[in-house]
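K.L.:
Take a look at the letters that make up each chain.
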Amino acid sequence: MDQRGDYDILYELLCCDPDIVVCINRICNACLHNSWEISDNGRPINDALKQKLQKMYDVFMRDCVRMMYMCGFAAFYVRRVNKIPLPFCPVIGTFTWRSVVSECKKTGSNAVYEVTLLKGGVQQRDLHILNYYSPIISPNVKTPMQALLSQYKAVMEMHQTIRASNKWNQEKHIVVTENMDIKDQTTSGLQMLDDMRRYTLSGEHALMGDKVVRLKNRYNRELKNTNEAKMEWIHDQFGGDGSTQGIGTHILPPNMNVVELSNIVYGNEYEVLLQQYRESVHTFFGLQN
Amino acid sequence: MQVANKSVSEFISTEQHINTQNVINFLQNVLQQVYAESFHVDMQTVQVVIKAQARASFNSTDDIKKLSETQALAPQLKTKIGQLMDSAI
Numbered sequence: 017m018d019q020r021g022d023y024d025i026l027y028e029l030l031c032c033d034p035d036i037v038v039c040i041n042r043i044c045n046a047c048l049h050n051s052w053e054i055s056d057n058g059r060p061i062n063d064a065l066k067q068k069l070q071k072m073y074d075v076f077m078r079d080c081v082r083m084m085y086m087c088g089f090a091a092f093y094v095r096r097v098n099k100i101p102l103p104f105c106p107v108i109g110t111f112t113w114r115s116v117v118s119e120c121k122k123t124g125s126n127a128v129y130e131v132t133l134l135k136g137g138v139q140q141r142d143l144h145i146l147n148y149y150s151p152i153i154s155p156n157v158k159t160p161m162q163a164l165l166s167q168y169k170a171v172m173e174m175h176q177t178i179r180a181s182n183k184w185n186q187e188k189h190i191v192v193t194e195n196m197d198i199k200d201q202t203t204s205g206l207q208m209l210d211d212m213r214r215y216t217l218s219g220e221h222a223l224m225g226d227k228v229v230r231l232k233n234r235y236n237r238e239l240k241n242t243n244e245a246k247m248e249w250i251h252d253q254f255g256g257d258g259s260t261q262g263i264g265t266h267i268l269p270p271n272m273n274v275v276e277l278s279n280i281v282y283g284n285e286y287e288v289l290l291q292q293y294r295e296s297v298h299t300f301f302g303l304q305n
Numbered sequence: 005m006q007v008a009n010k011s012v013s014e015f016i017s018t019e020q021h022i023n024t025q026n027v028i029n030f031l032q033n034v035l036q037q038v039y040a041e042s043f044h045v046d047m048q049t050v051q052v053v054i055k056a057q058a059r060a061s062f063n064s065t066d067d068i069k070k071l072s073e074t075q076a077l078a079p080q081l082k083t084k085i086g087q088l089m090d091s092a093i
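Chains as they are written, first to last, in the numbering used here: chain A, 17 to 305; chain B, 5 to 93.
Since the hints were made in silico from the structure, they are not lab data. Treat the numbers as computed from the prediction; the structure is a model and nothing was measured. Do not rely on the hints blindly, as some may be mistaken.
Cut-off 25 Å, straight-line C-alpha distance, at most; resulting in silico cross-link-like pairs (DMTMM-like, lysine to aspartate or glutamate) [claimed, not checked]: (1) Lys99(A) x Glu119(A); (2) Lys169(A) x Asp33(A); (3) Lys135(A) x Glu41(B); (4) Lys68(A) x Glu187(A); (5) Lys55(B) x Asp74(A); (6) Lys122(A) x Glu41(B); (7) Lys71(A) x Glu41(B).
Stretch by stretch, here's where chain A covers chain B in the computed footprint (C-beta under 8 Å, at least three residues) [unchecked claim]: (8) 18 to 30; (9) 35 to 45; (10) 49 to 58.
Virtual Cβ for every residue (Gly too), placed ideally from N, Cα, C.
For reference, chain A alone in the conformation it holds in the complex:
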């Protein structure tokens, strides 16, 4: 959780992953499907006040549930809205947290959660923190959902790999290699092959003198090599009207071997990983899948 990216993945996991969202919703529905009752000095609070508090308290308690699983605690501050004091959880993404070794006289614990507010205008002293899980002093464990976070990252990496594979498979990939059987070649044969390749690609050869005849097309335009001459001829033949127009033609040097690469085939690792992750999510929240 030292890296900013880990926090962002945790927020994504908590707010967008369907399995986590469903589990948190199920817990909220189980806990908050009935109304709550508050009594002050043994007397229930009056209906008018309860009606005013009801809506905000319901939202606040859902935020608390999400926060306690994400951070291990619920933090809140109280602000007056239309003269009514209402509780709010700091918005996800506006704070970071860590466990620090510190004597807490209130709870007796030797470690406490420390919340750092990054934005939002809430003062540190206004924040109240209530532990759901006790803090753990460890560089590796910063959230109760640490294991789920690691599994989620692995699932996402696998998902991205499969997407990249699918993209690769959508395109045709070929490899061009030179086809040459060494054992059938003599030294002079190899020399001839080199000369032929040079002549085809560049139009030049070892025996070329100053008075060599230059290649030209029918319009007397000079051609640099025989490849160009072939292309000129092909364009001349296929560049006309009708069905031959717009035909793409490629010419390869001699002795070229074209091989089409096969598709990337992936196994069932993604499905296995996803299944394990889903089971872990339901186990973490103590819910039946």
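Dock chain B against the given chain A, drawing on the hints supplied.
P.N.:
For chain B alone, kept in the frame of chain A given last:
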């Protein structure tokens, strides 16, 4: 989901029910502190009660029939169900 044909796994498990109760206890504690902080009263004088979801629920008349046959319904509940049926008619 009918009680009559339900398997044990279809009810909310004891473990799940305890988990829910733990979350409720925590939320009660949070609301107690919130109310005390909001209205500047002593936390000890504030009591918050959040009721947990029942472990099983009626989803059809078959459920009621089965529970009634096994004498599992209290008379008060029977009266309530009767009133509910009257209002439905």
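K.L.:
Look at each hint and say if it fits the structure.
P.N.:
Results for each hint:
no. : hint                 : verdict
1   : Lys99(A) x Glu119(A) : violated, 36 Å
2   : Lys169(A) x Asp33(A) : holds, 12 Å
3   : Lys135(A) x Glu41(B) : holds, 23 Å
4   : Lys68(A) x Glu187(A) : violated, 61 Å
5   : Lys55(B) x Asp74(A)  : holds, 14 Å
6   : Lys122(A) x Glu41(B) : holds, 16 Å
7   : Lys71(A) x Glu41(B)  : holds, 18 Å
8   : 18 to 30             : holds (count 7)
9   : 35 to 45             : holds (count 8)
10  : 49 to 58             : holds (count 9)
The structure fails to meet hints 1, 4 from the earlier list, while all remaining hints are met.
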